[in-house]
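Undergrad: What follows is each chain in one-letter form.
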Amino acid sequence: MSPLLAALPSLLGTNDPLYNGGVDWVVFLIVLIKVLMVFGALMVSVMLMIWFERKVISDMQSRIGPNRAGPFGIMQTLADGLKLFFKEDLLPERADRIVFKLAPYLTIIPAFLAFAIVPIGGEVTIAHHTFELQLADPPMGILFLLAMSSIGVYGVMLAGWSSGSKYPLLGSVRASAQMISYEAALGMTVVMVVLITGSLTTRDIVNGQALHLWQWNAIRLGIIPFVIFFIAIVAETNRPPFDLVEADSELVGGFVTEYSSIRFALFFLSEFMNTITMSAITVTLFFGGPDGPTLHIPHTQWLWPILWFLGKTIVFLFVFVWLRAALPRLRYDQLMDLGWKRLIPLSLGWLLIVAGFVIDGWWGLAMTATVVVASVLITRSFLVGSQRGETRAILPQVGLRLWNRPDVPTASSPAGSVSSPTEGDDA
Amino acid sequence: MAVVMHGVLLAATAATAATGHASLVDWGTFVVAAAIVLSGAIGVVVARNPVHSALMLVMTLFGIAVLFVLQRDDFLAAVQVIVYAGAIVVLFLFVIMFLGVDREENIAAEPLRGQRPLAVALVALGVTGLLLLGEVSKWTIGALSVAGSTDSSTSNVAQLGTSVYTTYLFPFEVTSALLVIAVVGAVALARRPPAVVTAPDLDLDDGLVDESAPATDDAHQEVTP
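As given, the protein sequences belong to chains H and Z, one line each in that order.
Numbering-wise (the numbering used here), the first sequence opens with residue 2 and increments by one.
Numbering-wise (the numbering used here), the second sequence opens with residue 29 and increments by one.
Since the hints were made in silico from the structure, they are not lab data.
Don't be surprised by glycine CBs; every beta carbon is placed ideally from N, CA and C.
Just so you know, not all the hints are guaranteed correct.
Over 12 Å on every C-beta distance to chain H, these chain Z residues come out as not near it, computed from the model [what the hints assert, rightly or not]:
(1) 65
(2) 100
(3) 105
(4) 106
(5) 125
(6) 128
(7) 146
(8) 151
(9) 157
(10) 160
(11) 192
(12) 198
(13) 205
(14) 210
Residues from chain Z that face chain H, not an exhaustive set, calculated with beta carbons under 8 Å [said to hold, decoys possible]:
(15) 72
(16) 73
(17) 75
(18) 79
(19) 102
(20) 114
(21) 120
(22) 185
(23) 188
Estimated spans, in silico, between C-beta atoms of each pair [stated by the list, open to error]:
(24) 126/Z / 25/H: 24 to 32 Å
(25) 91/H / 198/Z: 56 to 64 Å
(26) 192/Z / 374/H: 52 to 60 Å
With the hints as extra help, turn the sequences into a complete structure.
TA: Pasting the structure below:
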C-alpha cells in the first residue's frame, strides 16, 4: 500500500465503510469517480439552475423567459456560457493585475469544495465495496462548510478592490461587512444542530434525523433556528433581497462591474453553485438529508434517498428564486439591523434554550425562563439608553450658557466682544 | 540555511512523534505546508501593497491549518481557517479598503533607523534559542498530548471540549472575560455620544463651543489655538 493511499481515510472520512477493508486501487478509483461525478453533477445543475431561475421568474412576472435555445430554452445557459467564452477579456488599466485575475478562482474553488461534505444518498455497494454516497465525510464535518463559506468572501472582496474603480470597491466593502455579520448567526444555528446531534460530521447529522418526520432538526429545534439559518445563507450567498454587493440599481454591477468574458461567467457560476450547495446543506442540516419513505421495489433501494435529497433541494432552490422575485432589496442599515440586532441575539438566546433542553427538561425550562427575563431586561436597558441619548442631546444648551461668557474669546466672535447678551445673562 | 533545515527536520520529527506514525506523506505534507507558511510570512513583510500583505497572511494561516490537520487536529484546523483566515484577515482588508491605505509603499524608506538589522538580529537570536531549547528539552514542542491521546477512540472535539470545560475551565473563563472586556472597551473608546441637537432658539454658529458635547474636530480647532 502506498503511503498516499494510507492517508486517504483520515482526510476523507473515518466513518465511511469504504475504508474498512484497507485502501487499495479500487477504492482509490471509486473516490476518483465520486469526485468526477460530483463535479459534473454540480456543473450540470448550475446550468439547469440558471435556466430554472430565469423561467420561474419570468412566470412570476408574466413573461415567457428564455425560449430559443433547445426545448423550453433549456440550453440557454450553455449558449450564454459559450458566448462568454469568446468575449473579449478586458483588464482595467488601474486594476491590480494579479489579484484581479486571481479573484474569480478564489470564489469558485470554495463553492466547489463546500459541496464535498453533502450526503447525497445512503450506502451503495459496487464491486464488493460498500461506500457512502458522499464525496467526503471528514471528522471536522460541518465546520468545513463554515470554513469554505468564510473563504468565499475573499473572491468577492478582492474582485471589487482589485478592479481599481469606485463602484466595485463599494460592493466589496459591503460584501465583507455583510458576510461577516451573517456568518455569526449562521454559525450559531449550526452549533444548535451540532449540539442536538452530538457530532460534527454531516453523515451523523443526517443519521440522527432518520426514519421519522419529527426527528428532522427543523422540527426538533423549533422552527426558529432553521429560519435564522435560511436568512443567513441567503445573505451569505449574496442573493436577493441581500444582493447589496452587486446592487445593479446603486452600484452598476457591484464587484463584477469591471469583469468581462469568462471571469464574469466564473463569478456567476460560483454564485449559483453556492445557492445549490447552501440549499443542499439546508436539507442536510434541518430536513433529514436523503431521509424519506421508500417504495419496496427490488434493486431501487439506493435510488430513493437520492430522489428525496434532490426533491428537497429543489424545493429550497425554488424558495431562493421566489425570494428574488418577491422581495425588494434591503437598505444597508436594515441589513445590519437585521443581522446584529435581531438574528444574532435571537440565535444566542435560542442556543441557550437548546443547550438546556439537551441536558434535560428542567434545565431547558430554567434556561427558557432565564432567556426571557434577560431579554426583557436587555430590551429595557436599550429603551432607557435611547432615552438618555435624547436627554443628553439637550444638555449642550446648559454647556452653551456656561461657555458664553464675555471673558472667553472664541474664534468667530471677536475677543472681548459680548455675544448674544441675553443668553449670557441667563447663565 | 543549515539552521533552517535543522528546524524543519526538528519540527517534522515533532509532527511525526505527535501523530504516532512517521510516514512519508506526513513528512512531505509538512515540508509543503512549511514552505507555504514561510513564503507567506516572508511575503507579508516584503509585499509593497498592504492588501497583498494581507493575502500573504491568509496563505500563512492556511499553511498552519494544514499543519494542524497533519497533527490530526481537524477541529483546530477548521477553527484556524474560520476565525483567522475567514474573519480576522477579512476585517484587516475591510479596514485597509475603508481607510484607503491600499497604496504601494516604498519599503526601502525606513521610518525607524536601525530597525531592520535589529529585527534580523533578534529573529536570529530567537530562532537559535528556540532550536537550542528544542534540542535540550521538549520546551518548544510542548508535552505530547496533554489533554489525552490522539487515538481515534474518542473524537478530537470531544477531547478538546472536555479538557476546556473541566481541567482548564478557569483559564478558559478568564480568557473569555478578557475578550468581553476588550470588546466593551473598544466600543466605549470608539463610541461618540449622539450628535448635538441644535435647539431652534439657539444659534450655534456664533462661535459658541460647548464642552459637554464632545468636540467635533473643527470645533476643537477653533478653541485650542
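Undergrad: Of all the hints numbered above, which does this structure not satisfy? Sort the numbers upward.
TA: 2, 3, 4, 5, 6, 15, 16, 17, 21, 23, 24, 26
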